[in-house]
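S.K.: Spelled out, the chains give:
Protein chains: 2
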Amino acid sequence: MEGVDYLAGERNKAGFDVNCMKIVWYGSQRDFDISDRMAKLVASDPVFSKENRTMLPRKELFKNTLKKAAYGWKRIRELNLTFEEATKFRTYIDQPAFTDLHWGMFIPAIRGQGTDEQHKKWLPLAQKMQIIGCYAQTELGHGSNVQGLETTATFDPKTDEFVIHSPTLTSSKWWPGGLGKVSTHGVVYARLLTDGQDHGVHGFIVQLRSLEDHSPLPGVTIADIGMKFGNGAYNSMDNGLLRFDHVRIPRDQMLMRVLQVSREGKCTQSDVPRQLIYGTMVYVRQTIVADASVALSRAVTIATRYSCVRRQFGSQNGGPETQVVDYKTQQNRLFPLLASAYAFRFAGQWLSWLYKDVTDKLQANDFSTLPEAHACTAGLKSLTTSATADAIEECRKLCGGHGYLCTSGLPELFAVYVPACTYEGDNVVLLLQVARFLVKTVSQLKNGNKPAGTVAYMGRAEHLMKCRSTVERAEDWLKPSSILEAFETRAFRMVVACSQNLSQFANHEEGFAELSADLAEAAVAHCQLIVVSKFIDKLKEPIPGKGIKQILEVLCQVYALSTLHKHQGDFLATASITPKQAALAFTQLRHLYSQVRPNAVALVDSFNHTDHYLGSILGRYDGNVYPKLYDAAWQDPLNDKDVPDGYKEYIRPLLKNQLHLAKL
Amino acid sequence: MEGVDYLAGERNKAGFDVNCMKIVWYGSQRDFDISDRMAKLVASDPVFSKENRTMLPRKELFKNTLKKAAYGWKRIRELNLTFEEATKFRTYIDQPAFTDLHWGMFIPAIRGQGTDEQHKKWLPLAQKMQIIGCYAQTELGHGSNVQGLETTATFDPKTDEFVIHSPTLTSSKWWPGGLGKVSTHGVVYARLLTDGQDHGVHGFIVQLRSLEDHSPLPGVTIADIGMKFGNGAYNSMDNGLLRFDHVRIPRDQMLMRVLQVSREGKCTQSDVPRQLIYGTMVYVRQTIVADASVALSRAVTIATRYSCVRRQFGSQNGGPETQVVDYKTQQNRLFPLLASAYAFRFAGQWLSWLYKDVTDKLQANDFSTLPEAHACTAGLKSLTTSATADAIEECRKLCGGHGYLCTSGLPELFAVYVPACTYEGDNVVLLLQVARFLVKTVSQLKNGNKPAGTVAYMGRAEHLMKCRSTVERAEDWLKPSSILEAFETRAFRMVVACSQNLSQFANHEEGFAELSADLAEAAVAHCQLIVVSKFIDKLKEPIPGKGIKQILEVLCQVYALSTLHKHQGDFLATASITPKQAALAFTQLRHLYSQVRPNAVALVDSFNHTDHYLGSILGRYDGNVYPKLYDAAWQDPLNDKDVPDGYKEYIRPLLKNQLHLAKL
Ligand SMILES: Cc1cc2nc3c(=O)[nH]c(=O)nc-3n(C[C@H](O)[C@H](O)[C@H](O)COP(=O)(O)OP(=O)(O)OC[C@H]3O[C@@H](n4cnc5c(N)ncnc54)[C@H](O)[C@@H]3O)c2cc1C
Ligand SMILES: Cc1cc2nc3c(=O)[nH]c(=O)nc-3n(C[C@H](O)[C@H](O)[C@H](O)COP(=O)(O)OP(=O)(O)OC[C@H]3O[C@@H](n4cnc5c(N)ncnc54)[C@H](O)[C@@H]3O)c2cc1C
Ligand SMILES: [Ca+2]
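Protein chains in written order, with the UniProt record's numbering: chain A, 1 to 664; chain B, 1 to 664.
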């Protein structure tokens, strides 16, 4: 039966053109083409096979990663891939490796914080991979509080060097990816001590290992920090620990774009604005939002296809049972996640526009939009990664028992994804930053400040405080204006309520601390509004292709109304809608599910994921789940013998009641 | 510094007697003593060490499990442990093994479904472990729908045997624990075919492996189904697959307590009521609720202790930074989970009483309370396991980056726990069963039926439909009566709303399917009410010990008000409370957190978990986190060399730009 498409029937039901939707998802024909080509290149190469990955012991997994990284680089050069193509190529290898940090953090840190001379010296070496670098910021004792890092870099004017040192156990670097076993260099963050003063935390390029034999340099202690969540997953990465015992580096290895240390050890601030750092954060977080949509799309593809294959109960007159995707509870759990994948995708596309906009403005020395851009990327990072982590696990549960098998792909996807909630800013810490910005925005309204960008709606304060939703029938919830107003009203009133409660406190900071749980909720409400409104904006653009716009409208409504239902407490507490209107929204949502249902498989096909990239038997394109599950089971090392190792020592004596004689 | 208690300061703050609370948690002095003794026995024995477990490759992990199981059995016999002690002893070994299914499912199935003769023949063999058994129900194609199983057991009157056969690929048994490599026997569920008729699914005792050399018997195909979620975790278990090719067993190996097949192949129903099966389900699910409270208590112990050790931000004048447990967002995430652990504990204790009550009534041929007991255990199983799974992951996130390390213990706890949401009834399928019962209860109100037990409140229909909460100030939410009424009103009105919507459908079943998402939400509301009301009932008992009752009252309020806040949409939509009252509840909750805070460490100490059982460096009793994290990292096999395997083949050629020469 090889080659049969068990989901063909589902595919035929679709009311839209899948090929056009692929272009929408990837952003352009060009982006689609590159992704498609790179995904297929990787998928067709046996070196990149992910089979059995979750069964490999740590050392073998790690060695396998080194092989893929080296071979990947070889192929990238043989094929003469552009930077963009190479980046995609690495993505589709889909195995965390030192290269992620080398390209994603080490090089950008030098580029962003280094001087022109430093660029000239270090970038070519890094870009040819003649050195391999990591990003060594976090320590055993400090992660979120970067300003609290303890590693010191003391300037020694006698030798024109910095002395890098780890004064305490908690100052040990801890977590940097690629550090443990591979990196030859790192951008190391340390407190600059010179001039008898502590100048705060700065980045230093430090060589860690010999380029001849790879051994750690004198005074440098390095190791891997050990196993992390899940099988396979992030264990292919050598997150490392690092200690310095008075290690000396030349003065010109401090990244000096913003602050310079002179031969005498004096500090001078350059005229480069410090805000530039925010530009980099906007960039990194924008990629995280895009990645969230991808991770979510993979989980949703698996759960959707399997929910169409899986049948349980409801057989009538001996006919086939009901596909579990037809159960409304299944739809109510799955379709909002499918809609979220699209919603986050468009939020990500908009963020990449925002990043360009911010960069342009920065170059023109216009910093006015930076705080808003920073708050909004921080918020969307937090919202989308938390939602995606939860969604992957929900997709796993949607697959019943079989979702618990590694061959479903979902356990590994979850384990490899969840740290996104923690790194690049703990999601709760980020929400509090957003809340701070929102409260400030509201407080400045009375000065007549006109808020712009994603907080522009707050300018309509008076209207938002008194408006009442006009929804009367379930269909009224289909109007973008009804949805938008409800989300704006809810978010604004929550922020205003927080502000009012804050004003009861004599000390603003104490009040902020005391009310932080409410503040975080208000921040979530604001971020959900952004996602909803960017989806609605997207639908105002011309989007070609048969049925595309229609089904995207349905998804937008599903995202909005399912979010509204899940958080209806906020909407009702702020009187943004009435209980009646809340009930109508849920009724309408149910009708929308029926419109999603025939399009479900086509909507996940539109993500264009190869079976290699999905790495899931339950999510196979052809739906040929059961025979493949059965075959895959036999690959487990335990199955190389009928009678397991340990039978003689442990099972037989037990059965024979001879344990007292056995050596245990 | 070995031996220093870094959490001593926290312990001194507690306002209650920890030793008394331990008795409350374990239910009695006797239960506490047994648990404490067994936990320490296991913890002090090096064979039961869990160190490095998450680094073991599958085969080694499995062999290690066999060793622990055999050695455990040896110790159980040497120490002459009672059944109760032995059960606890196995629990504290804390590594899933074939013994769980042998004692937990195989023996109970024979006991529950077998005749007296079958008991006499099989139970002694099983109890001495001269045979090892599994529970082979689920197939590749059928899990939730047990009636849809495809394995056949065809009676052959010529030989007085059943022929057990797997007619399709999807009829392969799939999932049974202990099946893959160890079990010699199984209770196999199959369709009984005799007399030219299909008599539905029944259990059969089938020998699977030779008792001489452990090889699978002729016609029997067995294997392990492969890796599951997480490192360590459930991979110590040999969940298996099983196929039969016309395997013959004597007639007397069908479990015939309920249905008998005669020598001629005729079926007769015994006078034993089929409802007995529900009794067993009540039993199993009651243990699952108890287990949920334990798993949750472990996660909460780790997150609470670490949140007191971890400091981040807020240093003033060079003093220590703020303990992260002092952040209100952290409290708002953590303390409701701590309260849930206690809430689920008491729900579990009550369920074990309910089970005894049901059993007594069954013996007196009184089946009247069975449907209610069944619904309520199904609902509590669903509620507590879903909440616990989510809570473990939240506890992991509460530990920031370090929670992602296996040495935090949380990844493994999550991975090993989550299938509880799926086995013994998929949680969504269970909620729909509860909903069905609730709708039925409401529909029978008009016949004057007086609902009893956990649905007794529905008897006050009139009051619940019109009552209004009298809460005016935040403190009013401390009254159990305010809480209870709000929860009853919400649950009842949600069920009534569902019933009304259902009555709009011509076909009740179609309506039920269409509205199933709403119905599931109503079921959750009902189950939360049960937990709240059992906690309140518990507090009506005399509970001795300094400060115990006071702090338990606080926890009860935290559980209730945090649940109310999280689901305030339901409370507001049903007008059970007003927006103002909802806000007051959240304010009161914040005050309650301040009362929990000084007691937090003592409240988790009261669970009495040994460091062995916790298996977490972050959760260590002494709080000595950082040095131990640092030392543990070095245990990873990757750290046995400075320069990793693969350096010569993959790293050096890359750095030296010689990949084109390398064989990859
Ligand atoms: C897989 C992975 C890869 C990583 N890679 C790198 C890398 O390459 N380089 C690198 O330098 N680092 C890396 N990190 C480290 C990462 O950046 C940190 O883990 C992250 O910054 C979170 O900090 P933390 O772990 O100290 O959490 P903590 O700050 O200790 O958080 C613990 C808890 O405290 C709460 N909390 C903390 N502060 C506040 C506050 N002010 N208000 C309220 N609540 C608060 C948090 O919400 C959380 O619940 C990595 C981490 C992981 C997990
Ligand atoms: C770790 C583990 C150990 C196990 N051990 C054993 C064992 O020892 N012996 C044994 O026999 N089995 C065992 N099982 C199997 C277990 O009992 C089944 O996985 C469980 O019954 C769920 O069934 P399923 O996997 O078929 O899920 P499915 O029923 O296929 O569920 C898939 C999805 O469909 C939904 N769904 C199904 N029916 C309905 C409906 N009517 N209405 C709405 N939604 C529906 C579910 O909610 C779920 O989202 C084990 C499973 C696991 C994961
Ligand atoms: Ca709800």
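None of these hints come from the bench; they were simulated from the model. Where a beta carbon is used, it is the ideal one built from N, C-alpha and C, also for glycine. Treat each hint with caution, since some may be false.
Claimed, not checked - Some but not every residue of chain A turned toward chain B, in silico, with C-beta under 8 Å:
| id | residue |
| --- | --- |
| 1 | Y92 |
| 2 | G180 |
| 3 | I225 |
| 4 | D245 |
| 5 | E321 |
| 6 | T329 |
| 7 | G401 |
| 8 | C421 |
| 9 | A517 |
| 10 | P579 |
| 11 | F586 |
| 12 | V643 |
| 13 | G646 |
| 14 | Y647 |
| 15 | P653 |
S.K.: State for each hint whether it applies.
M.R.: So, going through the hints one by one against the coordinates:
no. : hint : result
1   : Y92  : violated (18 Å)
2   : G180 : holds (7 Å)
3   : I225 : holds (5 Å)
4   : D245 : violated (15 Å)
5   : E321 : holds (7 Å)
6   : T329 : holds (5 Å)
7   : G401 : holds (5 Å)
8   : C421 : holds (6 Å)
9   : A517 : holds (4 Å)
10  : P579 : holds (4 Å)
11  : F586 : holds (7 Å)
12  : V643 : holds (5 Å)
13  : G646 : holds (4 Å)
14  : Y647 : holds (5 Å)
15  : P653 : holds (7 Å)
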